[in-house]
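Assemble chain S onto chain B, guided by the hints.
Chains as they are written, first to last, in my numbering: chain B, 1 to 127; chain S, 1001 to 1519.
Calculated directly from the structure, the hints in this document are not laboratory data. Just so you know, not all the hints are guaranteed correct.
Pairs of lysine-lysine residues, derived as PhoX-like cross-links and limited to a Cα-Cα distance of at most 25 Å, are as follows [as the list claims (entries may be wrong)]:
no. : chain 1 : residue 1 : chain 2 : residue 2
1   : B       : Lys31     : B       : Lys106
2   : S       : Lys1346   : S       : Lys1255
3   : B       : Lys28     : S       : Lys1514
4   : S       : Lys1255   : S       : Lys1088
5   : S       : Lys1511   : B       : Lys28
6   : S       : Lys1255   : S       : Lys1511
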Amino acid sequence: MVAIGVICLWSATASAHHSFTAEFDINKPVKMSGTITMVRWSNPHGWIYIDVKGDDGKVVNWAFETAAANALYRRGTRPEDFPVGTQVTIDGFLARNGTPTATSGKLMFADGRAITIGAGAVAGEQK
Amino acid sequence: MRMPKVAMGLLLSVAAVTALSAQAVSRTTASAAIPRMADGRPDLQGIWQARSRAAYDVEDHPARFGIPAGRSVVDTITIPYQPWAAMKQRENFEQRAKADPLVECFLPGVPRIMYMEHPFQIFQMRDAVAMTFEWQQVFRLIYTNGTGPSTPLQFWMGDSRGRWDGDTFVVDVTNHNDRTWFDMAGNFHSDALHVLERYTMLDADTIRYQATIEDPKVFTRPWTITVPLARQREMGRVLEYQCRAEMEEAKGDFKADPRTWYQDGSAPVPPLPSEPRSTTAAAPQGQIPRTADGKPEISGFTEADAGGANWGFEPHNEPFTPGGRGVLVDPKTGGLPYQPWARAEKQDRTTPGRGYDDPTAHCFAGGVPRSLYVPSPFYIIQTPAYVVILLERMSWRIIPLDGRAHLPDTIRLWQGDSLGRWDRDTLVVETKNLNGKTWLNEVGDVISHAATVIERFTPVSASLMQYEATVNDPVVFTRPWTIAMPLKRNPKGELLEVACLEDNQDLLHLKDVKERGIQ
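Here chain B stands alone, though its shape is the one from the complex:
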């Protein structure tokens, strides 16, 4: 289910190695729910893949970019926090190139727990 909504003043990365505004579109916020199919704990950014069922019933595998592995680790996040098969909701912004790709902000578990997985500095935060 793709829900386009207002996500306010939340944004890109403290550990970016590339321009976020060039790759992702701030005018296209998204929030999606699905099942984790793969986690890439990698550099310069990690990736979490989820299967998302659309309104037409078709399942699309979406890629959500996370902060770099180091940044996640230093925040206390661990690779085993995201077992494959877990039902999650992730918010973020769509990639400009139209592929099923987005940069991420928060990942929310079914029990209400939330982790900031995005490179996620709030706009205005000083880095």
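Chain S alone, transformed into the frame defined by chain B:
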């Protein structure tokens, strides 16, 4: 003259024994003559390069096109593979032109980096030994402070912890991933790899390098590589071989801007007139720590409080990029003093299609001064003769303090040629010979090959340094300008390798945006 076989054999044996004892004698005498540190430990510092064909194949191998023949450097002659692994190695060998991780310029891992045919330099402090390699500016930071691995993470270059066993430097290398090879012949390991290295100086110019390889998933028993490392006395410094940048430029995947980059025969451009600057750092708060030779002690894990400099030097608060307080201290008003062409170029670089052109999006070195505020932490190695900055994004800056001259104009480097000197308690670093291919930040601020960058590192307390960088670039600006920010030291911090090339999917997206003209 014909000689009976037995007599011939005897003669050869005598000759061999004589040669061996001569060697033993010379080693005994030489071992007394190896250089030593003040604490009596062997001094491994200097520029070294393996003298071996191990980089092609660590086992005995015949010559092939582009591969000279060579003898095995393995104690068991052949590697004791488990049967499945022996088959896998043969498959790797057949596929090597594509499957060798170095084809993509990935980090080579340990021990492979130690015997590639590229020089490297060793720097030695009490708490850490650093090795800076020419190849792709890889480095190794070997902690010698009694600690063990601090994370369960896997790294291309592993996690290295060193200790001294008499005159031998012993390094435990753990936390390997399963993606590196031992050589170009497809010899490989799993993530259960443990490497125990032993560095022993045989004389002032030779280190015997040994690496014992254990990997119960792949081998039937441990085995050991032995390779001599030879001091490169004639080589004044280690230069750069930026494998990935060279490859992408050769393929046309990265195009430098002819207005900023150095091209053979570029005439020197005289610098802009400038007033002498001294540091604006506050007076030290209490005693600052000092080295044995009385200089301020600046080594260890350090992070810039970068004020969002990687997203602009002036105060900024746009959505979708981290904000920043502004780090430009001169000029105080009006922003960067651009020449008109360069201001237009900077504006153009902020459009989506130009995101691909930022060299750091390709994982290339950040350049000077950007590498210090990208932001990622770095580790400073300090000896009486050098300050070395090891950047977490896997690149380094070697700053000699010995008063030498800059490199010839024709040698251009991503991280430039940096020379340092102490001006009372400020480390002043002058960088020239930049290649003009880097950007100053993600919003496209411009720097060219003609730039001279003067950086000032001034300790103001045990945990804080003031950092300033003055850029004098007559091709891009109308006057010199200066940024300033604090650097914070953290004695407990450790670098975590950023292998940027391992999963750079962003570059493909940025290429798509550029090529399809997406706005």
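Outcome of the hint check:
no., hint, result
1, Lys31(B) <-> Lys106(B), "holds, 10 Å"
2, Lys1346(S) <-> Lys1255(S), "holds, 17 Å"
3, Lys28(B) <-> Lys1514(S), "holds, 19 Å"
4, Lys1255(S) <-> Lys1088(S), "violated, 38 Å"
5, Lys1511(S) <-> Lys28(B), "holds, 20 Å"
6, Lys1255(S) <-> Lys1511(S), "holds, 13 Å"
Checked against the numbered hints given earlier, this structure breaks only hint 4.
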